[in-house]
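Protein chains: 2
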Amino acid sequence: MATAIREHTPKLLEANAKDIAAGIEKGLSTAMLDRLKLDEKRIEAMAAGIDQVATLPDPVGQIMDAWTPSSGIRIEQTRVPIGTIGIIYESRPNVTADAAVLCFKTGNATILRGGSEAIHSNRAIAEALATAGAPDHAIQLIPFTDRESVSVLAGMDKWLDLIIPRGGKGLIETVVSLARMPVIKHYDGICHLFTDAAADLEMAINLTVNSKTQKCGVCNALETLLVHRDIAREFLPKVAAALHAKNVELRGCEQTREILTNISAATEEDWGTEYLDLILSIKIVDSLEAAVSHINEYGSHHTDVIVTRDEVTAERFLREVDSACVFHNVSTRFADGGEFGFGAEIGISTDKLHARGPMGLRELTSYQYRVRGNGQVRG
Amino acid sequence: MATAIREHTPKLLEANAKDIAAGIEKGLSTAMLDRLKLDEKRIEAMAAGIDQVATLPDPVGQIMDAWTPSSGIRIEQTRVPIGTIGIIYESRPNVTADAAVLCFKTGNATILRGGSEAIHSNRAIAEALATAGAPDHAIQLIPFTDRESVSVLAGMDKWLDLIIPRGGKGLIETVVSLARMPVIKHYDGICHLFTDAAADLEMAINLTVNSKTQKCGVCNALETLLVHRDIAREFLPKVAAALHAKNVELRGCEQTREILTNISAATEEDWGTEYLDLILSIKIVDSLEAAVSHINEYGSHHTDVIVTRDEVTAERFLREVDSACVFHNVSTRFADGGEFGFGAEIGISTDKLHARGPMGLRELTSYQYRVRGNGQVRG
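Sequences listed follow chains S and Z, in order. Residue numbers are given in numbering that gives the first Met the number 0: position 140 of the first sequence equals residue 139, and the series is strictly consecutive. Residue numbers are given in numbering that gives the first Met the number 0: position 115 of the second sequence equals residue 114, and the series is strictly consecutive.
Isolated chain S, as found in the complex (with noise of 0.2 Å):
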């Protein structure tokens, strides 16, 4: 498969064109346009990424867990695949390729139904995968992007055993209203780093830059940076410059703009906003424990950050805010299947069932319980 789409270089590159042309006719915003692009580059990387999934090892059939109780019974809890998944997605192509293949290392069938945007490239992927040997049937993407694909896809609880919604929170909801069989869903990242009184402060901004920039178009972006009133005064202004060295707009709370008087002001909107632009709101909190419950209340429970060198405080922030990833002296960008050695992934799920974070092979599996005996009755 990796071979597949290596080969196919050329036609996914002038299929992707057609799709980015029409997106720029219909004015998509500068990250969505991000998202949907495909060069050598990206290409190369989902190659990649399908090589590093072949080499990872099956989770099928793993033992998890294996145990005799008193009744002599032997139990083992073992790794299967859930059966067949339902993805829906939007613009980012490269879905198609990551999905495929995770799906497929795990023993599940896959259905797939991209957007519009991405349609011509997607259907160049699902080509070039085709061409791979793959039986036929296990991997299929819907030809049709319309609306009505989704609720006819989302009403099929007797064949999906799972669906997955990649995409604007419409998306989600509707199929979140509509889907009668489990659904994992992918919220937004509305990610914060706090730095705390004890941070470096040359890591902290170092982190805060990355974590805001390297690519500001996806959920594991940061998105409000949260500050120890006690090392603003200092802080404050070196971040600031970096920031805007960077093209970063700044909004701050009021405290915030008594330091950085140039920015504007952050409305109780943006507490809650994922920008997915290079936009960073600003916020003065008195404490970690102000920090918490900022995170917690305004959050959307994907990846927050703590700068601190200070270990308690690190354990404590680690275990009072209440998201997929808590990360101590970590950029946000690294809540990601690859960077977690997952090889791809599926999506970083925002719920708190089956699969939390980012979603790789294992999260792709059920299990099942198989015992064995020497005729065991219950009395």
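It should be emphasised that the hints constitute simulated quantities derived from the structure, not laboratory data. One should not assume that every hint holds.
Each pair may be met inside one copy or between any two copies, as identical chains are not told apart.
[Claimed, not checked] BS3-like mimics (lysine-lysine), calculated; alpha carbons at most 27 Å apart, straight line:
1) K168 / K214
2) K17 / K237
3) K184 / K157
4) K157 / K168
5) K237 / K10
6) K36 / K168
7) K184 / K168
8) K10 / K168
Fair warning: this is a prediction, and the values are worked out from it, not measured in the lab.
Given the coordinates of chain S, assemble chain Z onto it according to the supplied hints.
Positioned in the frame of chain S, the structure of chain Z alone reads:
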């Protein structure tokens, strides 16, 4: 909590007597009345279940996995509570205690909504538990049993992280169609036992009788016996005699009725029916393949058993039957949280996502990724 249950035994019996009297007046079936019934033995079992849960290791905070990718970040996958769990259930009052203690042990808040048949028993159990010193609101029993309270709960996705319906198909269907949060379903147990050509027939008789009659009103009771044609003439008269001695009504396929000439015919409907009563359907099959495909088509993916001395056949059965519990030479009645060593169970999930089969403490947890680094940024 166990002590509180024991001390309240007279009050629980008194309350339960009201429910039983009302149930008889309403004309509830024998199976329903059996589910509803509390006696000293069952109350002691409820308390003993709590004692056992108390001695089990607390899964919250357990590190499920930990690794360090090449970037040098240290990733820990740590168990955390799910949050607030709604449990909607019908007749069995012990669910009130089981669900409360399992959720409490795992740091979850619970909202319990029991059925009208058991309302006196449920209130008495909740009152007993409330004397044990748990924080207010950690365990809440909704005092209403009307249908509206189900739809109100199902719409509270801002507040409830998970909803678990336990009861008849109608109740579960209602919750599934209304709920916007994840649902873990506990559908029927249409359980099979396949007596292979290489079975120890004495063992097969014992396992069949135990699976069908040890307690017939429960989801892990046997509903269909599959018999390999090669041993049918020898096995069927013996097993039929043993089952008749326990007052089990038999319904057979055409081939079965050539051997057991006195029994009535099983219709297509029988193969898909959870009797929850002393009735058993019997079918002769030509092969392992035929047994597996009957089970995968008509079963409910709950618990299925093979009885055989042939290890190769047994392993194929365990791998090919798509059920939560697949057993070799063990009674279906072992598909149970208590027998699995979970102490008590929330139920037996027929879903494939998050929790499959008996649900104990682990299945009531989620996880988060706690990641520690020293300033890692993505390049």
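Hint check results:
Within a single copy, K168 and K214 get their C-alpha atoms as close as 20 Å, which meets the 27 Å cut-off; across copies the closest is 48 Å, which misses it. When the C-alpha separation of K17 and K237 is checked against a cutoff of 27 Å, the pair qualifies neither within a copy, at 43 Å, nor between copies, at 72 Å. In this assembly of identical chains, K184 and K157 lie within 27 Å of each other by CA distance both inside one copy and across copies; the values are 20 Å within and 14 Å between. Taking identical chains as interchangeable, the C-alpha atoms of K157 and K168 lie at most 27 Å apart whether they share a chain (26 Å) or sit on different chains (15 Å).
In this homomeric assembly, K237 and K10 never come within 27 Å of each other (Cα to Cα): the closest approach is 46 Å inside a single copy and 69 Å across copies. Proximity of K36 to K168 under the C-alpha cut-off of 27 Å is restricted to the intra-copy arrangement: shortest distance 21 Å within a copy versus 47 Å between copies. For the identical chains of this complex, K184 and K168 are neighbours both inside a copy (10 Å) and across copies (26 Å), given an alpha-carbon limit of 27 Å. Taking identical chains as interchangeable, the C-alpha atoms of K10 and K168 are never at most 27 Å apart, the minima being 32 Å within one chain and 51 Å between chains.
The structure does not agree with the numbered hints 2, 5 and 8 stated previously, though it agrees with the rest.
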